[in-house]
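Chemist: Chain by chain, the residues run as shown.
2 protein chains.
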Amino acid sequence: MSPPHPLRPLAEDEVLLARDAVVQKHGGDGISLFFRSIYVNEPRKEDLVPFLTAEHSGQSPKATVPRQITVLFDRIENGVPQLHESIVDVGAGEIRRTRTFPPYCQTSYTVAEFSQFQDICVASEIFQKAIQEFTLPEGFVITIDPWPYGGLEPDEDVPRYMQGLCYARNTTNNNIDSNHYAYPLPIIPVMDFVKKEMIRIDRLATGGKGDSLYPAPLTGKPKKLFQHGDFTSAEYVPELMNRPLRTDVKPINITQPEGASFKVHSDNLVEWQKWRFRVGFTPREGAVLHDVCYDGRPVMYRISFSEMTVPYGDPRPPFHRKQAFDFGDGGLGRAANNLKLGCDCLGAIHYLSSVITSTEGKPEVQPNVVCLHEQDNGIGWKHTNFRTGRAVVTRLREFVVQFVGTLANYEYVFAFKLDTAGGITLETRATGIVSVVPIDEGKVSGYGNVVFPGALAQNHQHIFAVRIDPSIDSYSIEDTAVVLEETHPIPMNPQTNPHGNGYEIRRQMVESAMFADAEPKFNRTVKIENVNKKNPISGKNVGYKLVPSPTQLLLADPNSVQAARASFAQHHLWVTGYRDEELWAAGEFTNQSRRDEGGVKDMVARGDWFVNNPSVTSRTGQRSSPVIWSVFGLTHNPRVEDWPVMPVEIHQTHIRPADFFTSNPALDMPRRRNETSVIVPCCSKTNAVAHLQGTPDKHVDPKDISKL
Amino acid sequence: MSPPHPLRPLAEDEVLLARDAVVQKHGGDGISLFFRSIYVNEPRKEDLVPFLTAEHSGQSPKATVPRQITVLFDRIENGVPQLHESIVDVGAGEIRRTRTFPPYCQTSYTVAEFSQFQDICVASEIFQKAIQEFTLPEGFVITIDPWPYGGLEPDEDVPRYMQGLCYARNTTNNNIDSNHYAYPLPIIPVMDFVKKEMIRIDRLATGGKGDSLYPAPLTGKPKKLFQHGDFTSAEYVPELMNRPLRTDVKPINITQPEGASFKVHSDNLVEWQKWRFRVGFTPREGAVLHDVCYDGRPVMYRISFSEMTVPYGDPRPPFHRKQAFDFGDGGLGRAANNLKLGCDCLGAIHYLSSVITSTEGKPEVQPNVVCLHEQDNGIGWKHTNFRTGRAVVTRLREFVVQFVGTLANYEYVFAFKLDTAGGITLETRATGIVSVVPIDEGKVSGYGNVVFPGALAQNHQHIFAVRIDPSIDSYSIEDTAVVLEETHPIPMNPQTNPHGNGYEIRRQMVESAMFADAEPKFNRTVKIENVNKKNPISGKNVGYKLVPSPTQLLLADPNSVQAARASFAQHHLWVTGYRDEELWAAGEFTNQSRRDEGGVKDMVARGDWFVNNPSVTSRTGQRSSPVIWSVFGLTHNPRVEDWPVMPVEIHQTHIRPADFFTSNPALDMPRRRNETSVIVPCCSKTNAVAHLQGTPDKHVDPKDISKL
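Just so you know, the protein sequences line up as chains L and E, in that order. Heads up, the first sequence stops at 708 in UniProt numbering, and the numbers go up one at a time, no gaps. Heads up, the second sequence stops at 708 in UniProt numbering, and the numbers go up one at a time, no gaps.
Careful: at least some of the hints might be erroneous.
Each pair may be met inside one copy or between any two copies, as identical chains are not told apart.
In silico EDC-like pairs for lysine to aspartate or glutamate, Cα to Cα no more than 16 angstroms straight-line [to be verified]:
1. Lys-545 - Glu-649
2. Lys-221 - Glu-271
3. Lys-540 - Asp-602
4. Lys-224 - Glu-153
5. Lys-209 - Glu-504
6. Lys-521 - Asp-557
7. Lys-25 - Glu-258
8. Lys-263 - Asp-248
9. Lys-250 - Asp-668
10. Lys-25 - Glu-588
11. Lys-250 - Glu-271
12. Lys-545 - Asp-155
13. Lys-545 - Asp-157
Keep in mind that the hints were calculated from the coordinates and are not lab data. The model shown is predicted, which means the values in this text are computed figures rather than measured ones.
Could you build the full structure based on these sequences and the hints that come with them?
Modeler: Take a look at the structure:
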């Protein structure tokens, strides 16, 4: 019997085994344990690669890879929590390693923590006093979204903090899903989360253009909020909306009567159209692809969405504290939606669930957090022989691995799309409700856009980092190289470019860890190549390529704490040396961070190198295989159209084969005509309805083709 | 009875009426007429706008817009052709205007012209002599793709020329669709198309890195070509391929059992989801959208793909002559494919046909050149209330207007996509067979990539220009303005940015015709605004926006003829003053051009202005409404994967509402669950199959929601 696969998903009993080991070792009288996260400690690459190599060659792996589970927990003694991380070998039933962390390392918030904020805040004296400053329309109640506390001052040394964005919710409609984001309140309470007590209430400036950065002094008279009286037009749940839903959107059914073309095997192994990979799922990243192979050849060891920072561009204090790191401060996996058939995904769908942990360390199943399906994406390739009229056309088909995360007001839809042309697309869609703050009615502001009376949607950025750990036709450290390829003009000259039309490709091998920016002017392309395998047709290294998106980078001042926390967001491309467990572009602890310790900037600084070049090997780092971090973003200066829930803003990064294959990998796609497509007639015979069906191609007789 | 719509498509009898008027006026004894193109001369804007205004207000238009047809023809007297353009008022049966052109103005090639090349060439003595320089494998015959003759020398004054790219075709497989592009020959014949005689045979360099730019001297011994003997692996028609087609691609059926949500009325009027527009079709541009309105409000007066240049980057003469202008030299409409149901388009499809002309001026129907359908594009917007678990999700639906053009070896798929969020996407897909030239077997080259033995796919660019003639909530010249909006950091300072997170939006009104480049570093955005209509929520001008793609611009030397012919390809954005009949980014006559006379560069130079600003109105031009030209491209350094037919390379330009609406226009999309989606089970029970169906959302009881 073959050994269990090291990339199998976390099982419920493994959570319990790991928990029990931790309780036994770290529990005790007067100690309580608060379990934050229990997840697979992924195998070391040097352990996993021999296993994968054996697996793909059809042999039995020689050694079993240890099964290790990470348990992240607070050990609370005398009311003081201390964050611990234990790695448990669940096969041996032993703890292999336990780490504690300096006090400034704040791990992500859990749902359990978020849920404590509102009750403590609302009960506090200072909050009760602060809300005397304003009055709400009758039937409105306060509701608070807890947020991480960013933007520490240089001299600010604080324990675990949390801030609350406050809104009012209309209860007169008797619907708990009434959109409270339409009614922002002019205060931000701050909580010491260790002591569970409110520290202060920050008051907000609510002015417009030309007004002060700071809140107006209190007048002593409560300010009446939301006098505009528009209590319906911000609603998005259908039963509350002030307009009917459209009735003229006829269903589009996507069906696969002969079944799906993909297979999902045990341990989340997926096979589809020569692709073969495993879907992982972590509390922080959501879905992750492991060991992505095409036709038996490895392409990607691991690809994942690593981090995102969302700094707000409103300079009025305390809005500088609004800088979310949605992976590190919250966790996309933990925030993953339970996806609904026929709503989040259409067609023939397979769902994956995942296992997370309760605060007691018990397993909890998150159902249907990932949907898997294939879809049609239009014409894949086509050629018509103009001499004969013979057209050959195939469709582009994609396999989609999709998950959706909700982070308070906002959602992200992430997808890995593998296609029949050997390409991998990493897609992000931003949607949900934009973050608004109060603005005096009738005013406008340069810091955002008024999207609803009294609600200013602040300008902000979303900057993502994708982590690409390649395995281009090999798992060996000896084989993979990163090359920056650019296309440059050649000045017109009689020797090499007599007519001025010539241009040249320039290549630069990335020899050691570095960063770079997109440079569309020179078509800068990242080639990921196997330096020891040549394409037999072109003679070039087999490889894949990606073109970094030249999106706007972080706007915050380089000397700001926002910038120090998100170095990754200051360049489009980072290439670092692979180390086990290094997955985080902004470092492991983003929450309340002052800088991105252990993030890509630190990884580059240590000087790992990739190639045996004497001028490089004298560096301080170690020989490693290169990991590519692709950074892209969206400067989101909101439109009114983004309200109350914004239409998706889509970004795609394409990773495509570049001399990896000996021809178009989709060449053998069938040219089958889809039999269920139908003609929609026109209302009038003035259109060429007569030509709609069965018009023959002009097809030339062979004897009419000119021959020599 | 209402008058006929001025934007109705060309009718077959109109072609005949226009032809007859031309024959009567310009025909005669000893004169022959060669009809090149007959198409609608679109109404002048000042005539059409009152008609549209009346149409939208439900009134009868006061005046009938004259129906004018353009007839482009050669009048041939004593064997000498003279290009003429007559505008015929087919209602009055009169010619309104006839233009002739200077000899250097070469209009596009017609299919009839292309088809003459091969026979004349092959029969010529100089060609017969040239092919003695090499021998072909047994059963191979010569086949020639005629190309426009670009890259004129500064002192080269030639009549209408044509060049031929020569290939060998394998006839031993008895299949006329055998891929001749795999066997390029080392000669390019050049024809004087007026005299119909061959001028010379250019010989090609076939070396690799380090070899001369010029062809090697003849040895006197014929060179044996295609010794590699691989005569199957470049084939793409299924019956010739050396590998079977995949059998594991199960059908994806896209059906609309309740019918489509769109209606096509007479005169190509389309209504779909609050969008209403007319689809035009011209021989040069293919499909064009006219009078695009949303919910009764005009958005676009006309949008079209205007031009594309494809310069090749191989500096070896005569490859500098390979610079196609696919719209001006050939014509995308004339090259449009007959689209097949279930192949080029899936689902419920309406097809439009068009009418072109034969060389005798008779109408010919091009069937099914445009397909119209709607499609699903994933999640459109979503929000989950994390307190209650209530998720509201809608789909993004798109309406697609697609056409496909074949230009010898290559194809382009163009689409306009209108969506339920008020957006318009202009999509291009490049596919087909890359242009190859011979290379000595075993050699590699910096000028391209070897994609098949002996075949070098040359590096090249595709640079497109889209023409956007807006009507943002108005047809009036007084209302439309273009604003460049940028997002800039604010240096950290105590007064305006105390913590460094603040950033600012800067706006610059475009007052007169100009060009600019994309500037992603500053998130440069083109806003198209109505300066006289404010969004009632935000107080800002209603508008649409687009972000120019910062793709690589023309690489050819600024002093080269390639650059002089394609000024448009040197900047991402041009804003010019509207003039009737000005539709061409590189000018009307691109074929064999020396410079782009009348193109966007000339339009900018005349200094038209858009706003009543005294500092601007002293310019030389006239007051006009602004037209936006968006330029983007693809530097295509071929991959082996692009062979033998390349997978689509997709580019999208998004034009999206920006404060045009008072909320998300897709807010009223139904949340209907698609009932035909199904679960694909896993092979094994280790996956969470139990959770797949009907897992309830966590839905919180109202009494558990914290309240004040």
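Chemist: Each hint should be assessed against the structure and marked as holding or not.
Modeler: Hints, verified against the model:
In this assembly of identical chains, the alpha carbons of Lys-545 and Glu-649 lie at most 16 angstroms apart only when taken from different copies (14 angstroms versus 24 angstroms within one copy). Neither within a single protomer nor between protomers do Lys-221 and Glu-271 lie at most 16 angstroms apart by alpha-carbon distance, with minima of 67 angstroms and 55 angstroms respectively. Taking identical chains as interchangeable, the C-alpha atoms of Lys-540 and Asp-602 are never at most 16 angstroms apart, the minima being 33 angstroms within one chain and 44 angstroms between chains. For the identical chains of this complex, Lys-224 and Glu-153 are neighbours neither inside a copy (33 angstroms) nor across copies (77 angstroms), given an alpha-carbon limit of 16 angstroms.
For a Cα distance limit of 16 angstroms, the shortest separation of Lys-209 from Glu-504 across copies, 12 angstroms, qualifies, whereas the shortest one inside one copy, 50 angstroms, does not. Taking identical chains as interchangeable, the C-alpha atoms of Lys-521 and Asp-557 lie at most 16 angstroms apart only when they sit on different chains, with a minimum of 14 angstroms there against 25 angstroms within one chain. When the C-alpha separation of Lys-25 and Glu-258 is checked against a cutoff of 16 angstroms, the pair qualifies neither within a copy, at 54 angstroms, nor between copies, at 63 angstroms. For the homomeric pair Lys-263 and Asp-248, the shortest alpha-carbon distance between copies (11 angstroms) is at most 16 angstroms, but the shortest distance inside one copy (36 angstroms) is not.
In the homo-oligomer, the alpha carbons of Lys-250 and Asp-668 lie at most 16 angstroms apart only across protomers (14 angstroms), although the nearest pairing inside one protomer, at 35 angstroms, exceeds that limit. Within a single copy, Lys-25 and Glu-588 get their C-alpha atoms no closer than 25 angstroms, and across copies no closer than 82 angstroms, so neither meets the 16 angstroms cut-off. Within a single copy, Lys-250 and Glu-271 get their C-alpha atoms only as close as 33 angstroms, which misses the 16 angstroms cut-off; across copies the closest is 14 angstroms, which meets it. In this assembly of identical chains, Lys-545 and Asp-155 lie within 16 angstroms of each other by CA distance neither inside one copy nor across copies; the values are 45 angstroms within and 43 angstroms between.
Taking CA atoms no more than 16 angstroms apart as the test, Lys-545 paired with Asp-157 passes in neither setting, with 44 angstroms inside one copy and 44 angstroms between copies.
The structure is inconsistent with the numbered hints 2, 3, 4, 7, 10, 12, 13, although it conforms to all the rest.
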